[in-house]
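In case you want the letters, here they are:
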Amino acid sequence: MNGSEIFGAWVAVFLTLGIFSYLYKDNPFYKIAEHVFVGVSAGYWMAMAFWTQVQPNLFGRLWPTPDGEISGFLMKSWYGIYNFFGFILPSVFPDGGIDKGHGHDPHFMYILPFALGIMMLLSVSSKLSWLARLGIAYTVGMAAGLRAYAFLNSNVLGQIKGSAVSFVDMPFFSLTGVSIFNNLIILVGTITGLLYFYFSKEHTGHFGKVTRVGIYFLMISFGASFGFAVMGRISLLIGRFTNLITYGGPTYHYASIWVLLIMIVLLAVWTFKGDKKVAS
Amino acid sequence: MKDKQFWSVAGIIFVLFMIYWFAGHPFFVSERGVMFWSILVVGGVLIYSTRMAKRGEKITLRSIPGLKAVEEAVGRSTEMGKPVLYVPGIMDMDQVETVAGVVVLGHVAKMTARYETSLNVPVSRAIVMKAARESCRESYLLEGRPDLFHDDMVHYLTDDQFAYAAGVNGIMIREEPAACLYMGKFYAESLLLAETGNSIGAIQIAGTASPSQIPFFVTACDYTLIGEEFFAASAYLSQDPELIGGVKGQDYLKILFTSVLLLSVLLFSMNIFEQQRSDEWKDLKQKTNLSAEKSIADFWNNADPISRYRAVNRSVSEPSAEHILNKYKNIAYSDLSKRQKNNIAFTTGTPFWIQLPVDNRMEIVNQTFTDNNQSGYDTDAEFRQLEIVKEGKNKWNQMGEDEREEYQVKFPEMNREDLYAEIGKETIEWEDHEVAWAINQRSIPVIKNILMVQ
Amino acid sequence: MEKFLDFIVRAGSLDRRYIFLVIALVVILPLFFPLGLPIRPTTSSQDVYNAVDKLEAGDKALISFEYGPSTKPEIHPMAVALLRHLFQKDVKVYITCLWPDGQFMAMEALEQVAVKQYKKTYGEDYVLLGYRPGAEAVIKGLVSNIRKVFTVDANGDFLDDIPMMVGVNQVADFDYLFSASAGYPGTVEWVQYAADPTGVTMSTGTTSIQVNEVMPYVQSGQIVGILGGMPGAAEYESLIGQAGIGTSGMDAQSVAHLVIVGFIIFGNISFFVERRRSKKY
Amino acid sequence: MFMKRQLPIAIAATIGFLTLFGWFVDEPVIKSFVDDDATQWFDILASFAMFLGALNLLKMQAIKIIKQQKGWQYAALAIVGFTFSFTAGFILLGSYNVEISQYDDPAKVATVLASEINLDEKSTENILIAMPEGDTYTIDTPYFTKKGADNVVEQINAAGGTANMRATEWGAHISTRGSLFNWMFRFIFTPLSATMFALLAFFVASASYRAFKIRNFEATLLLISGIIIMLGRVPIGGNISAWFILYIVVLALSAGVNTWFKNRTYTFAAVVGGLLAVTIAGFIMGWPVDQPAIFYLPVLQDWIYNNPNVAGARAIMIGIGLGIFATSIRYILGIEKSYIGE
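Chains as they are written, first to last, in numbering that gives the first Met the number 0: chain A, 0 to 279; chain B, 0 to 453; chain C, 0 to 280; chain D, 0 to 341.
Pulled out of the complex, with its shape left as it was, chain A reads as follows (with noise of 0.2 Å):
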């Protein structure tokens, strides 16, 4: 256990109970987490989109490690760009072209993709900022044309076969089996609930008795998910606390006992001098 992973425990421990401090009130150590946590994950998942997309699957497609000379005007100038990059960055662009398993001839259709990527950033002053319409003008159409088809695929056509439910040759009743009642149940769940979503007519009379037994199944299927939800919620704590009575051991020197009292002495000051004088 070397110093850097007691130091380590000290700061998550700080880190994990100035979050718990939140259900308190809302304090300083919170404010200290919550600051720190967006912080430090927006520079995080900068530097995992970097270094897991643009530079192994954009660059790495762009310039992959060419097998043998390269040889025509093309090719030499198209590799003299990269080597021109690798000498304003050498570790992005490490010379003899980046071998991340894109074959060994450049995909040129990604400049693309690259130019839409340029253009994004040079969105950023004000004059140029319609530049990003156009990345978003090709997110939005993606988006549409996938999810169109996937979403009418699984969630329409594939939740219709399901629901094609028999009613021939099966027991009437039984609560665990199929059975003729059991199948009734979610034939007429289903319509009564599709019918909720109707919306060219007001839920009123007869129709509103039929979107009422809708509503009731989707409230069944709300509590049922929620009740659900609960066991997972409370085995996360669970896990949480069982990390924080870890760090609180010998070899962490007492993390977590040390720095819960201290916070809790300097939260008890603070309520009180706050009384007087509304801190930030």
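Listed below are several chain A residues computed to face chain D (Cβ distance under 8 Å; list not exhaustive):
| no. | residue |
| --- | --- |
| 1 | 18 |
| 2 | 133 |
| 3 | 148 |
Just so you know, the hints here were simulated from the structure itself, not pulled from any lab data.
We put the beta carbon where it would ideally sit given N, CA and C, even for glycine.
Since the structure of chain A is provided, determine the placement of chains B, C and D on it from the hints.
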């Protein structure tokens, strides 16, 4: 596009497509035929109802309480001089819900411009930041108040789900907005936001299509737009005839889907009726029930009263009352009821025919049908050729580049169809196709094969 | 009576923080003093218990640790319970790890069970072979010849100097195989490259999300029993009669659920009293 | 101006048609675009856009500091946090490994190595001896600084072994165990996000306390199905006897009778009659815990989860699928353009 122009263009496209279709539709992925025609039908209904609305036909839609409350909420925060907080979800513009969230933001921005309320839009993705800014700037321009708009109304926090939730919680507790609107795609952090919003006493209106988060919004917010209601929000708020027509189209489709659902239930049941009359079904049923009866009888005759009790009631507990134990000791196998025998069949793992799931039963029957008509199956050349080509095509789609070249070299200058046949001939295993042949012989093909969707 | 109703109505508008305090206590206390509420073991946990119970003293069991800090709450309790059961029966325990973090988890578990609780001697009753990179390659190496993969154990002693390693050359020499796994490499690789080829009886413990992914192997009999997530650990702990983090985890969940249901009922009572009161005035 | 207005809509329309109907074209380039490239292009675009987001975040925090607005000290902290993770990601590699290729006398090298890998000298010596020919031994946790790694290399060379320092490749440093970036992930990022996630356990409790009120019939259904699922899935639920639930059902029904008929005698009859009937039935059946099954929580929970819940969820999913398809068609056909300010 005026009407006449629209129909002529649509007609030309249709004719061209028919020519392509009857020219053997090369390059067409025929497995996805069902999806192709459903996209055309669904898209057609939507476009038709949008055009009807554009031509000025009056359409009334039912009221959605959540959407009426949006205007009230903005009004309330103006009175209290507090900002409106708008959260467009945590996902990027590659989710349709986020795009819908930005569109609804445009309408809300019109309201905040009109009421001169301050608007605060923390976002979790940079592209959403740019889109939200464009949308808000346009709304403030349309309301004639460009002076009120400043870029930092829409500001980026972080890409991380929980850091974003922590940051938005911080904004809520410190700026105490009077109205919190959550419109977009959410995951586990939805309850973090909604509970904090509730603790500062703000009006909360949520709209999302993430099925797992709707229950949390329903319990923690004042109003929730559930799934489809959220997508209808932009039509309601803008009252633009084209959008309202679209919503009307969605209603027509609901009726269509309900009728398809009922039709498939009918077809499925009729198919089972039809199979019930086949003699394979009858003697399989008899054979299964006989073996079930025998194994239950064996179990019953040498089981002690407690395990008898447990088997009959499918229970795990031990009956404490003496009189029950005696009762179960004396009951003979013959006077057990049908329900009791079913329960024993479950625990002994030898189900009656009626207890097998329907799909299993139909598959066994079809398999037995092929075994009984083996000669018919072996000589059905037309079916076999069709299956070989289908098999070859499947294998071709799964193949990598190098494998495909191999086959192209082995069978030079061969059109696609024959190439599939060659591949199919090599790789086909006929046992997997026997059930398909039996289904083929039945008069009404199972609806599930019709809806065979990739 | 009136005063009592006043109390209920006032308490009804409970400040959220009391609920938070109660939930915190309900989760922390069982971690220190497990209640051991009765747990009805499922058949899959029972199969694992029976498989281990069949082993006699002196048999050899190979346990593989493939999980890290993030999946520790679900899998570590199982590993601890299993080690307790094995040491209780004086089975010889051999430990390998396919995940780098797995070695730390194994050290922690051995420290708690082998050293402190059962006072077992290293090298005679248990050996930690440690982590080797290579996933399937490591398993294949163990199946053919252990010494090709491990020349030294985690503490740096030569395998030949370790008494219990004498005569143990490959996976087939073991009587039992258990994979505590949270993903890849894990259970599936152990079944495909070790359990199936050598026929050694194998059980596994996985996170609850992974259970249905591994279930086909259990149903086909290639794996004898499976412990699913924290409930699986709690069931195994109740079977060996030693409460651990799994039991306190399930206790915490049971009590937390009861407390939440209690709050809901209490909230409704005060809601009714308030509503009937407002109707009267 | 064409570029600003019409071009974006044209892009959205063409890409929309391409990705929607690309599924039906059996041509490799389009097939690979629809299956993989479309989302890859988006991921690359989103990664570029992240720089904009970070700039905006820094600008907002900087304004707070310059204008000394309330809570500016915390804004400074956010900027410090960002710079730390930015340097760990892009400026400091933070991961330098020490590799030992040969040695003359293993004992001497072991004395230096032992303290580095927290093992006693004897076992370190064995590890060195066990190193197969031509292979190199790498110390498993890398060093944050180049200097740290270098002086270990010098000590080993001084002790007669030959060691060299191998820096982890840029890009691999964010995933190697023991690097500075990995330290930040394990001790700052993971505890914070795991704790924020764990807050949900508290909020689920307070939300259910506040929301599960019998205001109307729907709220009652929400409450009952929530409680049954909650208790049915937890071990303690299995120990609650079906007869206990039966008694509660009798009391609930008589409360209903009371509010329905508002007649004291009916209510009294309902309560006494119900309780009596249940007790007699209990005696006859010998009070088994899990009979009658319909009132036994685990069985009831399973039934609710597999039938009404599935029906409700299915209705919502069909609604969502329809809503998304209709909205996507509007975006592709350019009916709805306000997401880019038209």
